[in-house]
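Asker: At position 190 of the sequence shown (counting the first as 1) the number is 190 in the UniProt record's numbering, and the numbers step up by one without a gap.
Just so you know, the hints here were simulated from the structure itself, not pulled from any lab data. Note that the structure is a prediction, hence the values are computed from the model and not measured. Heads up, the beta-carbon is just placed ideally off N, CA and C, and yes, glycines get one too. Careful: at least some of the hints might be erroneous.
Okay, the calculated beta carbon distance ranges per label pair [claimed, not checked]:
1. Glu-596 to Ser-808: 27 to 37 Å
2. Ser-339 to Asp-524: 40 to 50 Å
3. Asn-961 to Lys-410: 42 to 52 Å
25 Å max Cα-Cα, derived SDA-like pairs, lysine to any residue [what the hints assert, rightly or not]:
4. Lys-274 to Gln-191
5. Lys-930 to Asp-817
6. Lys-19 to His-244
7. Lys-19 to Thr-783
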Amino acid sequence: MGVPKFFRFISERYPCINKIIKEHEIPQYDNLYLDMNSIIHTCSHPTDSDVHFRIGKKEFSDEDIFENVSRYVEIIFRIVKPLEMLFLAFDGVAPRAKMNQQRANRFRVARDNSILEREILLTDKLFDANSITPGTVFMADLIDHMKHFIAYKVSTDPLWQKCKIILSGSEAPGEGEHKIMQFIRYHKAQQNYNSNTRHCLYSLDADLIVLGLCTHEPHFSLLREKNTFGKAKKMLTPEESDFHLLHLSLFREYLGYEFAPIKSKLKFEFDLEKIIDDWVLIGFLVGNDFIPQLPHLNIVNGALPLLYSVYIEVLPTLDGYINEAGELNLSRFEKYIKSLSHVEHKIFASTVSSKICNVKEAKKVDPITGHFEQLSIESKKDDAKDLDQEMKTKEYSNFEVQRRDYYLHKLNFEDLSESLILPLVHEYIRAIQWTLNYYYHGCCSWSWYFPYHYAPFIRDVKGLENINLKFDMAKPFLPLQHLLAVLPPANSHLLPKPLRFLLTNSNSPIIHFYPNEFEIDLNDKSNDWEAIVLIPFINEKELISAMDSYITTLNPKERHRNTNGLTCVYTYTKTDLGYYPVDKVFGSFINHAQMERINIADMNVSKNKLVKGLCKDVRFDLSFPGFPTFRHIPHTFGFQMIESKMICNRPIKIEKIMLNVSIKPVPKLEEIAKELLGQKVFINWPYLQEAYVIGVTDFDKKIMLDNFWKNYSEDNLKHAKLSDNSRSSLEEEYFTISDGIYNNGYGIVIGKTEILVYVFPAMGKRYVYGNSGKVQLQTRWSTLSKICPYQLIVKEAKFLSVDLMYKSIRDIFATSDCCFMLGYPNYGSIGQVKSVNFRQQRVVVSLTVTEEPIFTSTEDFFVKNNNDYMSPSTIAKSLSINSTLINRITGSLLVAEDTDKFGELKYHDIGLRIKFPKQQKELFGYSHKKDTFWYYSQKAVQLLQNYTEKFPDLFVNLNKNVTSSTFTVSELFPQGSNELNAVKSWLLEQQVLYTTFLECGTKTLGLDGVPKLDKFLCDFRSKQSESKVVEAEVSSQLLFRPGTIVGLIPPDLKAQHKLLDRIICCRANFTVPLGHKGTIIGIQEKQDKWKNVYEVLFDSPFTAGLTLYESFPHKCYRLTIADFVNISFGQRNASTRPTNEKPKTDVKNAPPPRPNCPNNFRSQPLKNDKEPAVVRNNNAKIKLTGHSTTSVNRNQPPSHTENRPPVTTDNRQNKRPIGRNNNSRNESSQVKNRPAAASNNSAKVQNPRRINTKKRPPLDTAESKKNTSQ
């Protein structure tokens, strides 16, 4: 289907359906489905253009790919957090209809790899993407690895233990995405199916959009990586990647707008579900993996809008819909095709065969009328008039010439007789029906395929009444049969040795199916991967017969690989199933993953039992939180022409649907202030985000709450008149929102705006503890305000209720659960819950206390001395290079080559790429930006010197005209030389060594600060005193329990973070092990400080760790404020507290706890951490004090602050009294006595002051005000 073109088309035509997601904005999903082949390609060869790419290191083995795949799965699971099920679907043996496309694709990939290897000298072989095929050793080993991975996660990770895990490997027949659809159809047909099930499917295949709509499930989203549409893709870790959620709920509403004109014209009832089915059908006409496109119906030339317009004209003349839930109505379809053929004739009537004249410029088809604009013809002057007359008088003849040429030269027909064309037409219609069955009912035939490379002309698709649409089910190929059918000779090494000669030996009985040289036909397309690969179709009987003679020579493992297997279903059991076999990645662990095997074919549902369309009890009056909808705000819609670059980044005009917000009379500013101030509303329509209103303005004056966290009252208002500068700044910010975000981004025209609303957006939610011991979710607001047009404010929204994960303190603090101390002393210590006093809301915990390093002199570590970096003028003197050239060559420097077939210039980048000024990125250790100037380190100077010495002639030519905006190959390189490729190859070798790109302005340690810090910490740990374990009774509000926050909310809202602060990871089910300690070595500051990114060097490596700033491998990671507790912050606060208060509670040292908080996969330390020593002391006394973290009073407004944060200041902070309980009881911790232990060691303890018990208003909760959205 030209997948990226299709995805780009719908993304531009329906602009709201895609959204870059943030973790706290992810809706809750019941089921998560993973198209595993998309993940394998991303983790093994995310970019085919960079032939040196090795995902971080030069020697990249299959085991590295396996670990990356499982890590990727873990990250997606952690982002989505499905409540009920995870389905991992690998491609198994495909139907023959798909194998033809797979075979063509693999032949083309083998050819492309061969060309790349010849053009650029490689030190090692490219990763062979064709090994991602059922039956290969690579896939068999990967499936074994994933089985081990799933068993490990289910056995050790509480988040995975809540779900059913289904693994349908490459040994189970069927394409991965269709196994997922089969699962959904099966469960939808069950009587107990929840019609409001929420589905999330990860895949890079745009065809999943069509499949998702075929399910008619309203709560369905597609997760995929951000597509840059033609731009170079930067290699990122999965944590740093941008993910898009494509919401089919919005897509359904867009399709309702697309076909709204026919609502009043139909003779029968307008049914959106049946409109969607017909939309699926007419999309087949532009081609997909099973059917070639109809001639000249190309997505980039406006084919889909043309098909839609014909459908809108034809449907009112029919007696029903064309696609009847997967069954093609032939008579109605023939009428639609007949109308389409009239447009086909008009297209060809406006064109001239390329054999008659040379077409210099052909205008693209108008997506509304289907007409081509007038052509510009280049011909000899003497023949120009005659040719123009010929075009006018022989329009029909030209059409017939092209039609004849198509059949005779592309399809190799002897003539245009009906006896040759009719079988082609019949097979084409059978192909459509087979594909409808495949999408709606499942595979109806494993052996059928479309036996032509091209489709018939539209005008020839007629006489459909007698076509046989029945299929023979047959059986799927065996894996090695499938492998033999799709592999080219260049990949014969992927077959078992006894079978390889069948692809390569001239005496092979099937060698004619495996040409070493073949042609490809672009067929009006622009990319090689879209071309038709002209290779012969496999004869099934001949292939199986040739292979059967050698089956007995296969070894046992190869025979096992040649069997179609079952699907594995994993569930958690408390039963000890024994130790799982030892693995070098996972080690040895006790297995708690109960596995059963099922046959995915048993999920086939007969047509009479399938649920067609929507389930009966689906509700559209209510929405799930996080699922967008265009309801809530009145609007109209229309179409607007925009410029797209769908063809080789060349601009073309396409249409997109624009929504126009209906403007109503606006009340006075004072009335709006009274209505909204201090209230919760929803912003970012149609992606509703909760927000708290703090002010309003009409561009002349503004009304703000004086105290943001008190209710609206006349005494709590602050009136101000805007200055000219303030008004100008406000108008500029508003223009960015209205034009940049909504008009150009979302395709929403918001109209004239008279009122703007100031809000604090929600950053997430956290569980808070009430006086009765019950808990509830509380919204936390950003400390950075934003403006929103009044007409886009949604005041009420009705949502389906979502069950809370925790309902009481007992649920949160279960015995043996992990928690972290937020009181003093021992702030940041990890603990284990022993018991809970429900009435007093106190928790008995065992805390592990360890000594932390103290950095007395920080300059040695983090001062970035400007003397380490040199200016371009200083470098220019030493290297005799122009300083302007230095600034250019250190970034991207493009060299233009000859034009391609579309008249576009081909560019090559010969820059060192150690900085990216437009993206505001600098390469650590090489470049540094201060103010507006760039500086370079000695490493950068050495790299530049090596470049000049390696290619001196190049720099001589560059120095001749350093101010030139572009260079050409002929200006810089001798004609006919291979020096350009040599330069590119050398640059690739250097860029493999680049490690860390930073945002400009990132606070970091010095050039060698991280290695010095690492050595300092290693020395400290070698002399570190043994850990102590103390048991104490603590207020529940002084403990942080992992899993009780959602979004970017820190465990301690008052914490401040600095370079070299010691932290402890407090996030469960995370890449970094829970309880792992580290030191902050970098801070990427954002406008909103809650969105800062903190780079941490951990004390010991873990297998998912990053390598930053030349640190020891696998010891670093990037964290958000929600991921850690800052131990150093607690130490700084504790040191300022008075210590003359007598403690009232006792602490008994106890044996070290073993918290029930298993580490994540890929989060196990590579070396065993030192176990804390057992410290026994009968007389140690301690008093734990500090600010509480949460508190609730349902009758109070959102908690106020004594020092109100200014609205217009970026660095304002929320000063509301976090965690002050409304009750004035003593917050000191009470500690239980324990039996004395046989040791004289004692813990040295200080007595901090008593907590301030002054009454303060509590925080806001979702229940504190009546809100219909809850």
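Asker: Does each hint hold? Answer for all of them.
Answerer: These are the hints, each one checked on the structure:
The hinted window of 27 to 37 Å between Glu-596 and Ser-808 holds, with their beta carbons roughly 35 Å apart. Between Ser-339 and Asp-524 the C-beta distance comes to about 22 Å, which lies outside the given range of 40 to 50 Å. Hint check: Asn-961 to Lys-410, Cβ distance near 49 Å, so the stated range 42 to 52 Å holds. In summary, the hint linking Lys-274 to Gln-191 is supported, as the alpha carbons are separated by about 23 Å, within the 25 Å threshold.
Under the criterion of a C-alpha separation no larger than 25 Å, the hint pairing Lys-930 with Asp-817 is inconsistent with the structure, at around 47 Å. As the CA atoms of Lys-19 and His-244 are separated by approximately 5 Å, the hinted pair is consistent with the 25 Å bound. For the suggested pair Lys-19 and Thr-783, the alpha carbons sit about 23 Å apart, so the restraint of at most 25 Å is met.
Hint compliance for this structure: hints 2 and 5 are broken, all remaining hints hold.
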